[in-house]
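Number of protein chains: 2
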Amino acid sequence: MDTRLNPENLLFAKRESVEMIELGDKLAPRFDEAGLIPVITCDDDTGEILMLGYMTAEALRLTLATGEVHYFSRTRQAIWRKGEHSGFTHALRELRIDDDQDCLLARVGLNGPGSCHVGYRTCFYRAVERDSLAEGAVVPLKQLEQERAFDANTVYAGLPNPTKI
Amino acid sequence: MDTRLNPENLLFAKRESVEMIELGDKLAPRFDEAGLIPVITCDDDTGEILMLGYMTAEALRLTLATGEVHYFSRTRQAIWRKGEHSGFTHALRELRIDDDQDCLLARVGLNGPGSCHVGYRTCFYRAVERDSLAEGAVVPLKQLEQERAFDANTVYAGLPNPTKI
Numbered sequence: 001m002d003t004r005l006n007p008e009n010l011l012f013a014k015r016e017s018v019e020m021i022e023l024g025d026k027l028a029p030r031f032d033e034a035g036l037i038p039v040i041t042c043d044d045d046t047g048e049i050l051m052l053g054y055m056t057a058e059a060l061r062l063t064l065a066t067g068e069v070h071y072f073s074r075t076r077q078a079i080w081r082k083g084e085h086s087g088f089t090h091a092l093r094e095l096r097i098d099d100d101q102d103c104l105l106a107r108v109g110l111n112g113p114g115s116c117h118v119g120y121r122t123c124f125y126r127a128v129e130r131d132s133l134a135e136g137a138v139v140p141l142k143q144l145e146q147e148r149a150f151d152a153n154t155v156y157a158g159l160p161n162p163t164k165i
Numbered sequence: 001m002d003t004r005l006n007p008e009n010l011l012f013a014k015r016e017s018v019e020m021i022e023l024g025d026k027l028a029p030r031f032d033e034a035g036l037i038p039v040i041t042c043d044d045d046t047g048e049i050l051m052l053g054y055m056t057a058e059a060l061r062l063t064l065a066t067g068e069v070h071y072f073s074r075t076r077q078a079i080w081r082k083g084e085h086s087g088f089t090h091a092l093r094e095l096r097i098d099d100d101q102d103c104l105l106a107r108v109g110l111n112g113p114g115s116c117h118v119g120y121r122t123c124f125y126r127a128v129e130r131d132s133l134a135e136g137a138v139v140p141l142k143q144l145e146q147e148r149a150f151d152a153n154t155v156y157a158g159l160p161n162p163t164k165i
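Chains A and B, in that order, give the protein sequences.
Counting from 1, one number per residue, gives the positions in the first sequence under my numbering.
Counting from 1, one number per residue, gives the positions in the second sequence under my numbering.
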């Protein structure tokens with residue numbers, strides 16, 4: 001890959017038919033009404049699913065041009081180079097797209113102990129406790145990752161929490 | 001898991017604080033303005049990422065109560081039990097939720113040769129051909145899955161294609 005690419009000059013194909021979208025060899029991503037496409041991020045070394053993020057067209061071009069994954073923060077409404085604060089960057093190893101080209105899958109090298117803003121290795125550190133499901137009760141969760149991978153209070157000191165209530 | 005659960009009686013917690021959302025042991029999913037939450041689906045046997053789907057609260061309750069993954073089709077605007085036409089169902093093995101509880105991760109047993117409506121095993125059968133990126137050119141894709149897992153024209157005969165242009 002030529003790392004001196006100007007991201008603005010990377011082009012996407014126009015979505016013209018179901019056939020070219022599903023079976024073609026040109027990237028023709030579909031952005032939603034907010035201009036976003038979801039991105040599943042997978043640790044290429046371990047296979048763990050790290051997070052679901054979103055990209056604008058600009059974030060997607062920056063990711064391709066630099067090889068470092070850039071997302072769009074819906075909370076801050078701004079492009080966000082993963083790891084810009086923590087140093088825990090996502091190095092792009094492979095970028096897949098799905099059948100109808102409205103979802104991306106980034107396989108990344110995780111440069112750091114974890115990827116989740118709470119301090120866990122992945123964002124998916126809890127699961128439904130299905131054995132304890134009961135009518136009239138709130139669905140219970142169980143913890144899957146027992147220890148945090150890093151101290152989020154230190155790593156993200158002074159930054160607002162992105163979680164929306 | 002009690003398989004005679006009435007889905008309507010499975011409750012979600014009210015989202016009251018960042019702490020209970022990120023660190024609590026109650027399911028408190030955040031549905032977007034359209035009433036949807038994205039769901040990453042992963043083949044529990046192989047680790048392959050099969051697709052990204054969406055659930056309404058009703059689809060999520062049906063999934064938990066039956067152990068069969070139900071999505072919401074944005075194209076058809078209807079609940080959709082995966083495999084209802086093809087027979088290739090997604091048996092729920094584990095349902096994870098992310099830090100801010102606005103994305104699910106379903107680990108499933110895939111009952112069939114593939115999961116993608118085009119006939120491939122997964123929806124992510126293409127990747128960006130990064131070695132061929134060039135300024136002024138459309139971003140090229142390369143094929144990752146060389147053969148289709150089933151004949152989609154036969155399996156989905158008579159059904160509309162869900163891909164939107």
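Hints in this document: simulated from the structure, not taken from any laboratory.
One or more hints might be untrue.
You can't tell identical chains apart in this list, so a pair holds if it fits in one copy or across any two.
Mimicking DMTMM-like on lysine to aspartate or glutamate, the simulated pairs with C-alpha atoms at most 25 Å apart in a straight line are [unchecked claim]: (1) Lys142 x Glu68; (2) Lys14 x Asp43; (3) Lys26 x Asp44; (4) Lys26 x Glu135; (5) Lys26 x Asp45; (6) Lys26 x Glu8; (7) Lys26 x Glu145; (8) Lys142 x Glu33; (9) Lys164 x Glu33; (10) Lys26 x Glu84; (11) Lys14 x Asp44; (12) Lys14 x Glu33; (13) Lys14 x Glu135; (14) Lys14 x Glu129; (15) Lys164 x Glu135; (16) Lys164 x Asp151; (17) Lys26 x Glu129.
What you are looking at is a predicted structure, and each value in this text was computed from that prediction instead of being measured.
Outcome of the hint check:
1. Lys142 x Glu68: Between copies only: 20 Å across chains, 33 Å inside a chain, cut-off 25 Å.
2. Lys14 x Asp43: This pair counts as neither: shortest intra-copy Cα distance 31 Å, inter-copy 32 Å.
3. Lys26 x Asp44: Within one copy, since 24 Å is at most 25 Å while 30 Å is not.
4. Lys26 x Glu135: Between. Shortest inter-copy distance 14 Å satisfies the 25 Å Cα cut-off; intra-copy 49 Å does not.
5. Lys26 x Asp45: neither (27 Å within a copy, 31 Å between copies)
6. Lys26 x Glu8: within (17 Å within a copy, 44 Å between copies)
7. Lys26 x Glu145: between (39 Å within a copy, 16 Å between copies)
8. Lys142 x Glu33: neither (35 Å within a copy, 28 Å between copies)
9. Lys164 x Glu33: both (20 Å within a copy, 14 Å between copies)
10. Lys26 x Glu84: neither (30 Å within a copy, 32 Å between copies)
11. Lys14 x Asp44: Neither: 30 Å inside a copy, 35 Å across copies.
12. Lys14 x Glu33: For Lys14 and Glu33, the Cα distance is within 25 Å only inside one copy (16 Å; across copies 28 Å).
13. Lys14 x Glu135: between (49 Å within a copy, 17 Å between copies)
14. Lys14 x Glu129: between (44 Å within a copy, 18 Å between copies)
15. Lys164 x Glu135: Intra 28 Å, inter 38 Å, cutoff 25 Å: neither.
16. Lys164 x Asp151: within (21 Å within a copy, 43 Å between copies)
17. Lys26 x Glu129: between (42 Å within a copy, 10 Å between copies)
Going through the hint list in order, the structure does not satisfy hints 2, 5, 8, 10, 11 and 15.
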